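Here is what each chain is made of, one letter per residue.
There are 2 protein chains.
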Amino acid sequence: MAIHFQHLVVIGVGLIGGSLAMALRDRGIVERIVGVGRGLKNLERAKERGIIDSFSRDLKEGSQGADLVVVATPVCTIPAVIKQIAPILRAGTIIIDVGSVKQIILEQVEPSLPAGLHFVGGHPLAGAEKSGAEAASAQLFQGGKCVLTPSPNTDPQALEKVTSIWRESGMEVILMDAQRHDRIMGAISHLSHIVATCLVQTMKGLPDPAEELLSYASGGFNDTTRVASSRPEIWRDIYLWNREAVLEAISQFELSLRRLKGFIEEEDEAGLLKELEGAKKLRNQLKRF
Amino acid sequence: MAIHFQHLVVIGVGLIGGSLAMALRDRGIVERIVGVGRGLKNLERAKERGIIDSFSRDLKEGSQGADLVVVATPVCTIPAVIKQIAPILRAGTIIIDVGSVKQIILEQVEPSLPAGLHFVGGHPLAGAEKSGAEAASAQLFQGGKCVLTPSPNTDPQALEKVTSIWRESGMEVILMDAQRHDRIMGAISHLSHIVATCLVQTMKGLPDPAEELLSYASGGFNDTTRVASSRPEIWRDIYLWNREAVLEAISQFELSLRRLKGFIEEEDEAGLLKELEGAKKLRNQLKRF
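Protein sequence lines, in the order shown, are assigned to chains B and X. Counting from 1, position 65 in the first sequence corresponds to residue 68 in our numbering; the numbering is continuous, with no gaps. Counting from 1, position 131 in the second sequence corresponds to residue 134 in our numbering; the numbering is continuous, with no gaps.
It is worth saying that the hints were derived from the structure and are not from the lab. Please note: incorrect hints may appear among the correct ones.
Each pair of labels, with its calculated beta carbon distance range [said to hold, decoys possible]:
| # | chain 1 | residue 1 | chain 2 | residue 2 | range |
| --- | --- | --- | --- | --- | --- |
| 1 | X | 60 | B | 247 | 55 to 63 Å |
| 2 | B | 133 | X | 117 | 54 to 62 Å |
| 3 | X | 133 | B | 60 | 46 to 54 Å |
| 4 | X | 280 | B | 145 | 32 to 40 Å |
| 5 | B | 147 | X | 35 | 48 to 56 Å |
| 6 | X | 214 | B | 163 | 23 to 31 Å |
| 7 | B | 212 | X | 178 | 17 to 25 Å |
| 8 | B | 175 | X | 29 | 45 to 53 Å |
| 9 | X | 83 | B | 281 | 23 to 31 Å |
| 10 | B | 41 | X | 287 | 19 to 27 Å |
| 11 | X | 207 | B | 147 | 23 to 31 Å |
| 12 | X | 159 | B | 281 | 41 to 49 Å |
Please read all numbers here as calculations on a predicted model, not as lab measurements. Where a beta carbon is used, it is the ideal one built from N, C-alpha and C, also for glycine.
Required output: the full structure, derived from the provided sequences and hints.
As structure tokens, this is what we get:
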């Protein structure tokens, strides 16, 4: 499907928002790009890099005239941002988001959306080690997956256009129920962060001082805890906004841990080996890493 | 301390054993190096690379004439290897190991060691993503730490020489009680592997198929579970040989997890944020990674 937009507004010109703007400009899909954000320095850098043509630090002013709005702000601000800009957007405008939790956003956005505006929630699974417009790249999404979570109310034409947007940016698009998305992410993404956080925190409760323990860290601890260095506010919101799925994943993890602990307690060599072999086998299916 | 050995025998010419041989040869500390192992291909490769001068697949034959023996076999084989070679070693020979668990090795080796042989247990904290003689490098130990775990029975001169061996190979040497070493490693190293293993295994117990969950994995899951791809037999032995410390670390981790879970259950934003900030702060002290 050939798509074209006259006026893209990117709210939150960070790694994801900035990269999407760059990818869409590269593909000749958008004419004019306006960035909206709080941090002046980041917006100035985005303009310098040619990611955006102009910018505004005022949400309503900056969003005027858009036919496509990308909301790439921290997950728990997304519904409020959309509520604020909705009254000034014209009919036919498409709004997309990139939040890593989807059901609660859908619940909060859909009922209050004025007729004629089209919201299509999505979650591009793309790396996030760096942040800000400085780190944005037109290639960020190449070869990745983007989950879109339409509801029964989603406009089919808007969904088709948004699917094209993400495909053109380089991603495989997968359509999924928002609740299912959240359950999957709770398991494969959010639980990793929880476990990494707890692994770091565990060092504080042991007989030896945490700083000393850390001085003996090597590859294993470093890899396993890397995500615990991510932004706390973001993850607090993700946990609370995906509470049910996250709690279910934690409970299942507790069972796994109790089983492994049991094998060690009982010195069950065969059980332990089988468990470790099973984990290795499944882990090795991640070919790319 | 200037040290020199005429005849180094390396039992297990893998990443660690091979790298130590290379480092010691580089520093002009050893004359002749004999490799002992099971795998013919690995020994041949080690000889091709100049890591060893000759090799034997027979433990006793290969160890004859040594004045320094490096035992770099899997941790649970170390005491048996030392017991087997001890009768044919001449008085004054120094035996070192590189096992990642120390107390149980000490307990099993010391009582049966013939008078005149000197054992100094050690654990070089060095990366292990690759394995085999192919991956060995004289630079592997540069800038790393090596923990030596002498006992009250350890010969002071032998300890001094072994300290020099590891220093010459590029490591900072730290002397520590074997039990303390095992407690620290249980926390900072072995627990990471346990948690990574359980995180992978958790994917099998959730409503969605594990293979499907893994197809949505990105950086977080990949980093956090990387060590779960290590060799199952090695880790089974480490867990069982460091059982007490590992169980204590798991129990403390369970407390951390229960605390974090509680914050999520109770939707305690402040508690959650404080926990995440605490983990991030401590994790960020790992400057090198």
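Hint by hint, here is what the structure shows:
| no. | hint | verdict |
| --- | --- | --- |
| 1 | X:60 - B:247: 55 to 63 Å | holds (58 Å) |
| 2 | B:133 - X:117: 54 to 62 Å | holds (59 Å) |
| 3 | X:133 - B:60: 46 to 54 Å | holds (50 Å) |
| 4 | X:280 - B:145: 32 to 40 Å | holds (34 Å) |
| 5 | B:147 - X:35: 48 to 56 Å | holds (54 Å) |
| 6 | X:214 - B:163: 23 to 31 Å | holds (29 Å) |
| 7 | B:212 - X:178: 17 to 25 Å | holds (18 Å) |
| 8 | B:175 - X:29: 45 to 53 Å | holds (49 Å) |
| 9 | X:83 - B:281: 23 to 31 Å | holds (28 Å) |
| 10 | B:41 - X:287: 19 to 27 Å | holds (24 Å) |
| 11 | X:207 - B:147: 23 to 31 Å | holds (25 Å) |
| 12 | X:159 - B:281: 41 to 49 Å | holds (47 Å) |
Violated hints are absent here; each numbered hint is respected by the structure.
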